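Undergrad: Residue-level listing of the chains:
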Amino acid sequence: MSTWSAVAIVAVVGLMTYSMRAVAIVSLADREVPAWAERALRSVGPAVLAALTVNLAAGGEGGPSMEIAEVLALVAAGGAALWRKNLLVSLAAGMITLWVVSAFV
Amino acid sequence: MVEPSTTGWIDRRAVIDALPLFVPVVPFGFVIGLAVSEGQMPVAIGWATSLFIFGGAAQLAVVELAGTASMWAVIVAGLVINVRHVMYSAALAPTFRQQPRWMRWAGPFVLIDQVFALVMLQTDRPPAEFRRYYLTVGLLFYINWQWATALGLVVGPVVPDSWQLGFAPPIMFLGIVLVSVGKRAHAAAVVVAGAVGLVTAGMQDRLGILLGAIAGVIAGALVEYRDEVRS
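Chains as they are written, first to last, in numbering that gives the first Met the number 0: chain A, 0 to 104; chain B, 0 to 230.
Chain A on its own, in the form it takes in the complex (with noise of 0.2 Å):
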């Protein structure tokens, strides 16, 4: 690989990202935005989070899978953010269900 090739590649991926974070928080600051899009940015936020969760739990090229101590760590973190109402705490529990089930399973 030359290292213009390189060069190239870095400069396009990294221009073209930059310019997908910012797009709509440059385009959009000083235009009005219909109703409906407002519903819908509302929802961005939550539905990608959401989104990746999923996908880097059990995303991967052949399917969705997990391990049992994954889904398990999963069920005690949610659980404890639910319950708890705090980030650190659900870490916690997800990271330690992990090794514990993982040690015995």
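The hints are simulated quantities; they were obtained by calculation from the structure and are not laboratory data. Just so we're clear, the structure is a prediction, and the values are computed from it rather than from any experiment. Not one of these hints is a red herring.
Pairwise CB distance ranges (calculated): (1) B:Gly165 / A:Leu81: 22 to 28 Å; (2) B:Pro99 / A:Trp98: 43 to 49 Å; (3) A:Gly61 / B:Val79: 15 to 21 Å; (4) A:Ala102 / B:Ala127: 46 to 52 Å; (5) B:Ala68 / A:Leu81: 40 to 46 Å; (6) A:Ala34 / B:Glu37: 48 to 54 Å; (7) B:Ser36 / A:Leu81: 38 to 44 Å; (8) B:Ala43 / A:Pro33: 43 to 49 Å; (9) B:Arg183 / A:Arg83: 19 to 25 Å.
Residues from chain B that keep clear of chain A, each with C-beta distances beyond 10 Å, as calculated: (10) Val14; (11) Val30; (12) Glu63; (13) Ala127; (14) Leu134; (15) Trp146.
Just so it is clear, CB atoms sit at the ideal spot from N, CA and C, and this is done for glycine as well.
Please arrange chain B on chain A, whose structure you already have, making use of the hints.
TA: Using the frame of chain A, we list chain B on its own:
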């Protein structure tokens, strides 16, 4: 979230919030560093993906594919993986409306998954406080990502696989989703996005994230519309 410190340039609460999300990023940075050292890109340019692309999954795809696929295939793979950032941008656009112009142009540069997830819980804050929180989290991740990937070049992955730190991000994101869900419409968005995301989890280039998110947004908007009509 607990009441933050409101003085100085750095939001201490932001640092505390970011740390648990950053720890699992370090081994991932090592993996990318290792991939760069073994890949076909010149090492300095491979590492520069951290500086200019600043997105782990896309960097890994670019570094791994470089030299084994056509230049355009490498570029397209990197971009498809990062397409979800358009949705982050859209979700934060209403909050950024209250920010000065320089912030609207500079802020998006560090808008990665973790930054998005953390700042979504802060959108009700006054603009100046939101800005300090956003920049603290964003710069923290940016600076740390540079040394983590550089270190990976030198020492390779030293954290044992048995720690399973790779599974920490989905646990953390799940917590953020559940803590932040308030309205019925959000709950609908989460459930539908999660279900569609699960069905499509096996798709290439993490396209399932995009499909799940779109389905969730539609569901959330429909429920919100119905609730507005009823009330």
